[in-house]
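Colleague: Order-wise, the sequence lines are chains A and B.
End of the first sequence sits at 496 in the UniProt record's numbering; the numbers just go up one at a time, nothing left out.
End of the second sequence sits at 438 in the UniProt record's numbering; the numbers just go up one at a time, nothing left out.
It cannot be assumed that every hint is accurate.
Stretch-level coverage of chain B by chain A, calculated; a stretch enters the list once three of its residues show a Cβ under 8 Å from a Cβ in chain A [stated by the list, open to error]:
1. 156-167
2. 197-203
3. 214-227
Calculated directly from the structure, the hints in this document are not laboratory data.
For glycine and all other residues, C-beta sits at the position ideal for the given N, C-alpha and C.
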Amino acid sequence: MFRQVKRRTAGRRNFEESNNKKLDYDLPKLYSCRLSFYDLPPTREITLEEFEKWAIDRLKILIEIESCNARSKSLKEIESSIRGLLLKYLPLSENQNIEERMKDHYSHYILRLVFCRTEELRKKFIKNETILFKVRYNSLQPREQQEFIELNKYKLSSWEYVTPQEKSELFDKLFASSYLMLKSHFLSGGENLTYDEVKQHVLIKENFIKLPFEKITNLVGTRSIYLHNGYGYLPTSLQLNLLSIEFQENLSLQLMKTFQTIPRLEEDDRLLPLLNNLSKSFSSFKYDTEMDPALISDINATSITSNSISKHFPLCAKHLQNNLIANSHLKYGGRQQLGLFLKGIGLNVDEAIKYWSHQFTKGGSMTVDTFNKEYKYNIRHQYGLEGARINYKPWDCSTILSKPRPNKNEYHGCPYRDFSIDKLVSSLNSMGINDQQELNSIVDDVGRHDYTIACTRVFELTHKSQIKNSQDSHINHPNLYFDRSRLLERGQNKEA
Amino acid sequence: MPVEQFEDESINKGSKKPSESDMLYYYKRLLPFRQIFQWLSHSPKPTKDFTFREFAYEHRSGAYQRYNSYTSLEDFKQTVINANPTRFEIGAVYKINPKDRKNLPKSVMKPVSKELVFDIDLTDYDDIRTCCQGTDICCKCWKFIQVGSKIIEFSLRQDFGFQHLIWVFSGRRGAHCWISDIRARNLDENSRRSIVEYLDILGKNGNKKSIKKPYHPHIERSFEILKNEFNNIVLTDQDPWFTDSTMSSDSKNWKCVDDLLSFIPNKELSKELKSKWQKDIHSTSKDKWEDINTIASKVLKSKSEVNYLNDAKKDIIIYFMYPRLDIEVSRQIIHLLKSPFCIHPGTGNVCVPFNPFKNISDNKEDDEYGFNPLNSPNIRDIQNELENYNKGNNELHDWEKTSLKPYIEYFSHFVNELTKEELKKRSRDNENENNLEF
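Only chain B is shown next, with the shape it has when bound in the complex:
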């Protein structure tokens, strides 16, 4: 199963890499096994949803070990501690216990259910990001994830009617969304594919050409969200179309400008714009966005031409800001994905859940971002926090003494809501069954 790559590990702050003993310490004292267990079991007790679930380890040696499964919470915790992997991933629930697969014919090893998952990764934004490239991120480019996760969440809740979904920081430059509704868990691959395709309005490699009119309500709603952020994120923060007289015509910025011009439906207008911008000594993205309107008012004659331009401008906003999704992750039931609260082996960051609409860390500075990946809990920091905690209060869990606290509480709340509904449903089913008995 392909997993995130670790390019440039040595250059990229190698010191941040957690050691074997760091990991053991974390698994023993901090990782919230109980919450993860209950989330996957949909009950405080072990159910088949948990015991027939595949887990995979990535070991320090690079070896990848699939088809682990556990009988209980204690088994789960103890086995992970013994194996001490750099991280563990969550797969599907199978028809049989994945451990037994060797004794049984291959055909019975069928995936039955799994959370619907989505993966947004900032590397897919490299053509528009000017602040960072590759595996680097900063608060500026995290805004793409922020707005993207809002759009996905709106659609999943309003269009598909899902309720139990949670976003998890992938530890470096992306975010995962897990949807745990029973209806989502039981979707077949066809339905999963149709949902990603529904959401993936840009299509493969960002299909540039204009989006069909009239906009589908989902696209219209997404546009309404994006247009408010466009000025801030693209024109101001990223400023991808900035040019000045020193830049050569084959620089990245000019390529971006050509990209922008390719959306303009009117040939004459696009020619006029380019020649103006080539003469400009200093022209920012904001200037250019305004230029489109000023020049258009001179060049365009008919009302329909103006309408086409307005449509194109909407397309531009969507094209540069709409979330870019990894389709395979969502489509395949058996696809594995890093568990929440794992440590990212490259950065040492904890894969904490976050709320795209509201900052949940106790740090007021982060409120502006909603979630600030740069201030998110790191294995080093929380170790120190725990070591330096000297109030002597033994009633508390270890994680409550660290900055993990708000994240684990947020996750617990999510798990409790899910379990409540699941138990309600189960007792309803039992009742129905009992009614059938005479």
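Next comes chain A alone, as it looks inside the complex:
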């Protein structure tokens, strides 16, 4: 396999030998540090298998970060929840393991190719890569952190470490300037240090770097750092923010460049399908509904109102459908949210039109003609058959939560956020959750604005008997709720 790949590349013009040599760097030097700004592109050949596997492995980590982020976890929490994945898929050990570092390097560049295509993808990629960068920086030894900065001096040329003598000479001033910021820094990490403890920390552990004040204007304006002769003195505990800004700006610039050069790659018939596939199947790191024809055979305009299907609906979809049935109408936001959800569970466009037209006209206040004139377009639009012809995806929880809240007579949104506590509790009761302690914990989640966690908890409680091994999986998409619920049911039926 490997040989064949080699032979195929041999004749390609972009892999000519002469071209290749110029860009060959000394690998041990390139990988001398675990962490990297990824300034230099990889030049060695790798196999297509490696290409794909490495990309997917890195993607798994980024998806987990994205999901943590959607649940607004702190950096510390993200760190602990991706630790295992990192070890498994993208380990970076302290000893000079070139293989590991190569994989990290290549996978980053491959994903750049995958995610440079649209503004939205670029943003997501930058956000998650920057978090990964932060997590990794924090896991470095202080010595390695310093080495990393030394190594990247050429781009952080304005950074300079303050010598121990200078530090001790300026100690009182450095401490007085940074005390408040350091205190709140530790507080955000969960440590509440006293005045003297912070002082001890600064005295013993803290190093300072100095850099031109123009680089840190936000800290200058709040008088959070010591300034002398045009330089700001920044404690090393706080330099990660700066590094990550540097990382972020760099990556955003590079992604644009990659995007501009991608047409040159289009001639490659091996990589392109792979890249397209990667970017499609993971397109916005979102949960994508699988459409196995065998599984959606029972989804049609009438079955979806039956209990056998609608019992798998999450509360938001249930709420929408109930109100549609009761009022024979649903306003725009509700039609979008429910319509796309139903599309996601496998309702095809003909069945969808049947479903909506029946629901809207059954009350007698609307004729089929009016429906066709005013609402059919809307349904077909959802399926990408009208207007811009975009194949719209079902809304995930963060989309739902980001839309305007429902007004009177509107039923879209997230019930965990939009219901009053009384209404929520009675809805939960009707779903079979009656235990006071369980109800309290859900209400607590809601109080902390952890709506998707509340929903996940509801899922776990209502599927208690079916869940065998507790998979710690978080529900961030109404269709995930539905599909998983159906999957559990099928598993149970099979056993029986």
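Keeping the supplied structure of chain A fixed, place chain B upon it in accordance with the hints.
Modeller: Just chain B now, with coordinates in the frame of chain A:
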């Protein structure tokens, strides 16, 4: 662009207003165009820093004319003489010649650089000034500007590392500071904002509540300067907390006293103080400042309470004396500011540069003040000085025959230092460029 207002012009010594012919005489014979030109061009020759620079005129009619620019020193002088404005202001250097802006798309009219500027105005001190109000000033209240400019200058030099800065009397009741270092000229608006915010420790409308402890080194240094002047400027000269038995409780002085008491952290102490002062027949600010300590020694029990009071006393000194800055002037690159050596249209005073640390006028009486705005050159006086100068020495510039002389010399020195460094830098850049060529 908002400019200083001229309220009460008619009442306020209208006779001082310079006439059209006064101004023409001044522009033709006295205003040091060459020095201003060289200052803005950063070279004895015209550079883009000068030719792409915006100047604005304020005309006698009240019309305001922006986006003038000049090709050379001669053009500068001749155009100003022809226009004979009541004053002219200096704006930013643009990417293109501001004159060409009408022929080009709007997007290219971008400001590139400008001196960093600061503006302190005594009207912002009206709550603490008892000597004068509004546009009036005297030597007593000028002391606020004096100490304020020292504090700003220390910070700009020591903290930000700027070297080429000059203070200019605004002609009536304030002072401008121009920082000409190349690093300062090239700052973006974000950085400018961060510098004013750094310096503006009182915040918007003098945010009263206590300043965060521990004091930032800049605040600590400023406090050390202010505490030496507090006794003199606030307690003695201004005496804002003076009360006697004849004053009604809603008089300005009692309001000031309440203001003072609002800083006292201990409720009981502040109550005790107020009731004592209400009984006092005659109590000056000095008496009250001492009372705080005497009563505190009776009322306060724990050491931490005493520490809080001491912190509050430091806050009071800073609150009443720290310079109050106009943020927008400093933040906006395109903001225009009256040129040094213009004539203030309301007072006829020349906007002369001054040194906050040392009196530069030849008048020994002023040494006590550092700069005495009341004795500063006025257009009438220097005209007379020039007319009465009869030594027949034609070697001298006209300005050398007047009391403007020390100020123009001081300014020339500043400009020369700046130009020297600028030329050094330019030749270094050229060298580097040449090295790149093979």
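Colleague: Now look at each hint and say whether the structure bears it out.
Modeller: Hint check results:
no.	hint	result
1	156-167	holds (count 5)
2	197-203	holds (count 3)
3	214-227	holds (count 7)
In terms of the numbered hints stated before, the structure departs from none.
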